[in-house]
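J.: Protein sequences appear in the order of chains A and B. Under the working numbering, the first residue of the first sequence is numbered -1, with each subsequent residue one higher. Under the working numbering, the first residue of the second sequence is numbered 113, with each subsequent residue one higher.
Everything labelled a hint here was simulated from the structure, so no lab data went into it. Among the hints, a few may not be true.
[Claimed, not checked] Residues from chain A that keep clear of chain B, each with C-beta distances beyond 12 Å, as calculated:
no.	residue
1	Trp3
2	Thr113
3	Ile155
4	Gly183
5	Gly207
6	Leu209
7	Ser211
8	Ala222
9	Phe227
[Unchecked claim] Covered, in the sense of this in silico footprint (three residues per stretch, anywhere, with C-beta under 8 Å from a C-beta of chain B), are these stretches of chain A:
no.	region
10	16 to 29
11	191 to 197
This structure is a prediction, so every number in the text was calculated from the model and none was measured. Heads up, the beta-carbon is just placed ideally off N, CA and C, and yes, glycines get one too.
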Amino acid sequence: MDKVWIIAKRELSSFFDSLVAYLILVAFLGFTGFFTWLQGSDVFFRKQADLLAFFETAKWTLFFFIPAITMRMLAEEKKTGTIELLLTKDVSDRQVVLGKYLGCLLLVIIALLFTIPYYLTVSRLGNIDHGATLSGYLGLVFLSSAYIGIGLFASSITNNQIVAFILALVIGICFQFIFDMLSNGTTGFLGELFNTLSINNHFDSIKRGVLDSKDLIYFFSISAIGIFFAELSIKNR
Amino acid sequence: MDIQIEGLTKFYGPQKAVDSISFSVKTGEILGFLGPNGAGKTTTMKMITQYLSLDEGDIRLGGQSVKDQNLKRFIGYLPEHNPLYHEMPVYDYLAYCAALQDVPKDKINERVRQMIKVCGLNIEKHKNIGELSKGFRQRVGLAQAMIHDPEILILDEPTTGLDPNQIVEIRDLIRHLGKEKTVILSTHILPEVEATCDRILIINRGKIVADGTANTLRSQAQGNYITRTRIKGAPVDTAFQALQGLSMVRKVNLEDKSQGRFLIESAQDANEAIFDLCVKQGWTMLELTPLETKLEDIFRDLTMN
């Protein structure tokens, strides 16, 4: 765990040493702020004191941004050869992948923390459901965790960052749309399966404040499978 | 901590990169690993550092097998192209490596400073690694390999990209370290091996073709005694034929006709016979120099098939 934390800290500080972290933060706050307060079905249009507009926008923003931050994680290390140096240190393959996972997750959590003013503002506008808001934030963290798992896997199988980015998006699109569409077109066991795999069904209930263990298991499983396969693919060298 | 390698084999697909090689390195020994490109040097080193898995055979460090245990903490490794995080400052990078190698938290700063001093990085310590020249990057690579004071140092071409002064410094450093530690270094530069290493291992196509000190390798190289002699007081042709007539002499080359200088290749040491010949014939011998067989020749002999 110690080693995981050391690696995570380095990844996080390397985000802030380059412009990546600032770009992501500014763009994330810009997009979510715009669609939460100014445009589309924003807070004023809905006339409800809740953050559903933010959660929905954040989901899409993260969908694009997370592959952008995970793409270099393993692909770049493989390309430059630094992975060899890292893995010959006294760390296991799993610690490396978990460290990178944690580093990405911390960056996303920092981005989410910057949106607390949204929550404070809305809570002044009306009677906000504190529990549901907290649940929504947790939902975003779980969702990010799953995306990061997918992103790390995509980054682990190539040493080209662009390939990693596009692959992560493609897998993301499967969970976001394709499984949803397939579940509408099929019935029985397969329909049920695709329905379960679709990310929206799980996220929608969490963002409304329903924390179901099934949804937690779903997000946890995707993260774990992503991490597992990332580890497997760097082990295979 | 000694290294014992037994029957080590590695396949890349159907190709045998390393073909059941066995050797051992004692504590306090510096082993020079030689071989043409693609001979399996780097692969062997990667297996010792446990970056690559072994297909067959075993590697034991201090009696413990790398198959049973994680022994990475005993090894400091400098990979071939010295890959480093270019966006990180030297100091932070070394501190990061120290933390990953289990240097206790309160010792990290001290240790990093020490390494910066040993490797001569003081003026560059706050720069990003990417801004450094190749020589300084190489020093950072060495510093990170030694940061946790490992028992075993594996250095893959440690002096590439260094200027002659730096090469001497790094060699001195390696020799100094090699007194207490077990060092394996690979290189293409043959004089470097002679200057730094206690023992030489030459591999070719995944197999060991020579193992020993520079001197034993020389004496093993058969029929490579070369002697230069200069004889006065004899017609060149007569001397030539007389020399050619000696039983152990394989070939006589006339090097300089006006001075009567010959180069004699023989299967055994021919110095005595040449001397006796001159005495018997009443010629004056002005020069008798046994020429060393160059390591380059031995290397070429062993690795060109």
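J.: It remains to establish, for every hint, whether it holds in the given structure.
T.: How the hints compare with the structure:
no. : hint       : in the structure
1   : Trp3       : 9 Å, violated
2   : Thr113     : 28 Å, holds
3   : Ile155     : 19 Å, holds
4   : Gly183     : 43 Å, holds
5   : Gly207     : 41 Å, holds
6   : Leu209     : 36 Å, holds
7   : Ser211     : 36 Å, holds
8   : Ala222     : 23 Å, holds
9   : Phe227     : 19 Å, holds
10  : 16 to 29   : violated (count 1)
11  : 191 to 197 : violated (count 0)
The structure shown violates the earlier hints numbered 1, 10, 11.
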